[in-house]
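Asks: The lines below spell out each chain.
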Amino acid sequence: METFYSILPELIRIVVCAVCGAVIVFGNALVMGYAERKLAGHIMLRPGPMEVGPHGIYQLVIDGLKLMGKQLVVPAKADPLLFRFAPLLAFAPVFVPLLVLPFSEKIQGFDLDIGLLVILALASINLLAILIGGWASNNKYSLFGVFRAVSQNVAYEIPMLLSLLAVVFMTNSFSLKAVVAAQSPVWFIVIQPLAFLIYLVSIVAETNRAPFDLPEAESELTAGFHTEYSGMSFSLFVLAEYANMFIVSSVATVFFLGGSSGIPLPYFEYSGIIWFMLKVYSLMFFLVWIRWTYPRTRFDQLMNFCWKYLIPFALVNLLITVVMVKLL
Amino acid sequence: MDINQVKKQWQELSTAVEDVEYAVSGHDYNVCLECDKVRDFATLMLDEGFYLVDLMAVHVTPAIEVVYQFAHFETRCRVLARAFVDDKVEMPTISDIYQGANWHERETRDFHGVVFIGHPYLKPLILPEEDVDLKPLLKAEAKLKDVDAVRRKPPEPAPAPKAKPAPKPEVKPAAVKSQEQS
Amino acid sequence: MAEQKKSLLNVHSYTKECIERYDGASPQRTKISEAPPLIRMKLSDAIFDLCRANSLWPLTFGLSCCAIEMMCCGMARFDLARYGAEVFRPSPRQSDLMIVAGTVNRKMAPALVTLYEQMPAPRYVIAMGNCAVAGGPFDVEANYDVVLGVDKLIPVDVYIPGCPPRPEALIEGILQLQEKITGKRFPFPQNKMPEGA
Amino acid sequence: MSMDVKALEDDRHHRYVLNMGPQHPSTHGVLRVLLELEGEYAMNLLPVLGYGHRCHEKIAEFKPAKSFMPNTARMDYLGALIYNHGFAQLLEKAAGIEVPERVEYIRVITSELNRIQSHLLWYGAYLLDLGAFTPIMYSFDDREHILDILEDVTGSRLTYCYFRVGGVSKDIDEKFVTGTRAFIKRLRSRFPMYEDLVNGNIILQKRLIDVGELTPHICARYGITGPLLRGTGVAYDMRRAEPYSIYSKFDFEIPTGTKGDCMASFMVRFHEMEQSLRIIEQALDGLPEGPIMAAKVPKKLKIPAGDYNSSVEAPRGELSYYLVSDGSDVPYRLKVRTPSYSNLSVIPEMCQGMLLSDVVSAMGALDLVIPEIDR
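Residue numbers (this note's numbering), protein chains in the order written: chain Z, 1 to 328; chain X, 329 to 510; chain R, 511 to 707; chain Y, 708 to 1082.
Just so you know, the hints here were simulated from the structure itself, not pulled from any lab data. For clarity, every value in this text was computed on a predicted model and none was experimentally measured. Just so it is clear, CB atoms sit at the ideal spot from N, CA and C, and this is done for glycine as well. Treat each hint with caution, since some may be false.
Below, in silico cross-link-like pairs of lysine-lysine (DSS-like), each with a Cα-Cα straight-line distance of 30 Å or less [to be verified]: (1) Y/1009 to X/467; (2) R/662 to Y/765; (3) X/473 to Y/1006; (4) Y/770 to X/481; (5) X/463 to Y/877.
On the chain Y side, residues computed to face chain Z include the following (Cβ under 8 Å) [as the list claims (entries may be wrong)]: (6) 747; (7) 835; (8) 888; (9) 891; (10) 906; (11) 1059; (12) 1062.
Partial selection, computed: residues in chain Y whose CB lies under 7 Å from chain R [said to hold, decoys possible]: (13) 737; (14) 753; (15) 757; (16) 759; (17) 760; (18) 765; (19) 766; (20) 847; (21) 848; (22) 865; (23) 866; (24) 992; (25) 993; (26) 1007; (27) 1009.
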């Protein structure tokens, strides 16, 4: 009994974190889904969703409920078990990285020493889910999407890691809190502009968004890896995509934009979270903006760009960082 | 391209070469061919730099007539070549000379049932698979006309000699009015 | 010719099968509609209907002329997005609404039926344009290929006549479909036209 | 389709067949293409047509030639007025009807507006194929202005049946002229924006340059005409080569490319819009007064026996009507040579060994209108 009481606060903490994580995941999907459609509308000279609620703000709730009410189709020749399992596998792991993100100095689930590793490890599971889902669909378009998704995500993980590693070398810690603390005079975007650029390009490819949305290239592969998914299993993939966008943007914020640091607002102890969210959503706005502006690249160009430019530059950047850290 | 020289070569291959007034009919020359000369003619046209505008069939008696239309990229020279299919409704293909003819020939097979000998892939193109024998553009018996009935009647009494049947003398001349600025 | 026309739909074996399947008198169909639903909750039904009506994702499925007007409808001036219906999904699995925009011929008919069957329920069909409604200008003696009306193949919810219908007509069609689903013309009366406008 | 997919796959184990269409976002309608792929490289292509076949040629043999005019608009719904133009010209040529000068001017103005409209739609739809979602909205915004102008005078938005044998159905008024002039000004001011926003984009250039190269010889063998041919450097335009109507009176250039790749035809189409604006401007300046219908057009238009051909420059290339008449008012045989048909037939050769993404961009560069191909 004593041991139970000793771990009780920890348990409560876990439950609270999980609930908060769920709120963030679903809330983020609603906000981003609405913002994306509205922004797309305004970029395209049209109003976007307008009728459902004032300026259409209930549109995403309505869409979500509708998708819940749709029939779930498992194609006759698909692998039924894997086909049903894939969306869950895509969706479930997105909660864990949220636990280690420092939303402000005081709001953080767990401050792990290996926070960055947890995030990167779990973010890669999404890829596995895509692989399983696309394979199990038994559809050639899905298979194509999977080919592309796997090679693209594996390739772009390297420059992403290398650019983050440069920052880790400077702070000597994988802990996200320590990284934020190390940026108290200047943000790392000033010291490591190249790493930030490389990271920014990589996350566009990592989240499979235009102009690097080849796994779901609409004009080539109809709907890519989720061609056969309907209803709720489709929306789980979409939720996971938005959650991943949130996570990679948060990592960018923590590593390059000073995390929750900003002008402290009066009478509000937790003001850091406002700055944090502001930075995250500006990054996400940037992602949406380029999605609706650029044409799609070709697959070989995308891979060449990664292996011939991003990785060498990231390596050089890392080397210079290491030398500078040693010298100074 | 020297048109007179080309014309001479046409005359060697064909049964008749007529000059037609462009303002009236929209083409410059009519060439009547035997069906075994079609391939030679097409090779000649390709060498002279003509492109294949169109290939079609017209259902008349005594036999289905296949019409090839050629034009030139540099000078205005529209040539219409006609040939009747043989008894087995067959015709040599020109799809290895003019690759563009490939689909036109498949379409003609669909619509008129003309079989092009030597065609690499003479499967239905436009109609569904089951309709190999539908041949929708073949005329009904009552509507079928003789080839004379659809030939241009000579406006002056000095007609160019027709390849197969002689022109009928009693027809009245077609209205010839040029409304085409040249 | 007339004989051909009569047997127009019989030429394609698959098409024939479709007719039998969607024939109202077929015993299988009545059986399904008579079976009582497991849960009968009026409120949840109403909510789901509301959601369905306001989030009709059409299938990217243009057949001919009308497809251009369908595109226009999603574009800047008319903007279907206002009604939440701008998400043109290329995959039938993720779409709710099939806008049959154009002429269906015998070669297309089996593909059309397959697409319809791949859409998950609840699914809706709008027949856009005269060709999809009843054959339009191709309902003539010489016709040997055009299917005279898409309702011979799949059940249709809303018919929009016109050759092609204007984009406003398609929007009206979608509003009619919303009315058909929810029983109300403007479930969310945000930008309703003032009376007499 | 009887191309035996299973046998093909078994035959060459490492290859497999991907079916694109008839419902596919990038085939612009109901084209179906079977691709034999090795990895992502398309080793063989087999287009399957006929999903939009509507028996136009058969219908033509069953009704008076004059009443076939609405069908021409439905063949190519993007170049409807130009299709009208060709058909009206064919019957006028056949029946020997003199067309008043004002009519010719009106025809040229509306046809060129229609051409710009078609190119604008292609511009947006092509970029949509390449994955840019926004330019289509901008080009449709401009396109709606043309539709407004044309709707005022013709009465419909898309499938116009405005030209009659010997004239046009309705005279243009002051509103049309001012509206057109305003539109010319507007579109001219938008061109720099398009160039900044789209044409100079590095991703776009990497996607288009050196993709789908054609040569004049390939064009001759396949009968390719229109912007694709002009992209290879041959300045062949029916408006110049066989000047119909009153095109010989106007001063305009024929934009050409050099390499014959997708970028060349892209730029040719883009510059053609500018040239069409020039033609419209000159035609509006020289618009004469006069009747809008030829004096004597018989109710029952008997076409003297013989064969007639009329070729015009449609937005996609050379359009030819070939009419065989037996002397009655109903055509004995009407064959329409549509440009997209010949243009599309090149893709098995053009796209061999291409990446899947390049197949999509090469197919978009052809500017396909499927009902025009299937008729």
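Asks: A separate judgement is required for each hint: does it hold in the structure or not?
Replies: To see whether the hints hold, each was checked on the structure:
{"no.": "1", "hint": "Y/1009 to X/467", "in the structure": "holds, 20 Å"}
{"no.": "2", "hint": "R/662 to Y/765", "in the structure": "holds, 23 Å"}
{"no.": "3", "hint": "X/473 to Y/1006", "in the structure": "holds, 25 Å"}
{"no.": "4", "hint": "Y/770 to X/481", "in the structure": "holds, 23 Å"}
{"no.": "5", "hint": "X/463 to Y/877", "in the structure": "violated, 40 Å"}
{"no.": "6", "hint": "747", "in the structure": "holds, 7 Å"}
{"no.": "7", "hint": "835", "in the structure": "holds, 7 Å"}
{"no.": "8", "hint": "888", "in the structure": "violated, 23 Å"}
{"no.": "9", "hint": "891", "in the structure": "violated, 21 Å"}
{"no.": "10", "hint": "906", "in the structure": "violated, 11 Å"}
{"no.": "11", "hint": "1059", "in the structure": "violated, 17 Å"}
{"no.": "12", "hint": "1062", "in the structure": "holds, 6 Å"}
{"no.": "13", "hint": "737", "in the structure": "holds, 6 Å"}
{"no.": "14", "hint": "753", "in the structure": "violated, 15 Å"}
{"no.": "15", "hint": "757", "in the structure": "holds, 5 Å"}
{"no.": "16", "hint": "759", "in the structure": "holds, 5 Å"}
{"no.": "17", "hint": "760", "in the structure": "holds, 5 Å"}
{"no.": "18", "hint": "765", "in the structure": "holds, 4 Å"}
{"no.": "19", "hint": "766", "in the structure": "holds, 5 Å"}
{"no.": "20", "hint": "847", "in the structure": "holds, 4 Å"}
{"no.": "21", "hint": "848", "in the structure": "holds, 5 Å"}
{"no.": "22", "hint": "865", "in the structure": "holds, 6 Å"}
{"no.": "23", "hint": "866", "in the structure": "holds, 6 Å"}
{"no.": "24", "hint": "992", "in the structure": "violated, 30 Å"}
{"no.": "25", "hint": "993", "in the structure": "violated, 32 Å"}
{"no.": "26", "hint": "1007", "in the structure": "violated, 19 Å"}
{"no.": "27", "hint": "1009", "in the structure": "violated, 21 Å"}
Against the hints set out earlier in the document, violations occur for numbers 5, 8, 9, 10, 11, 14, 24, 25, 26 and 27.
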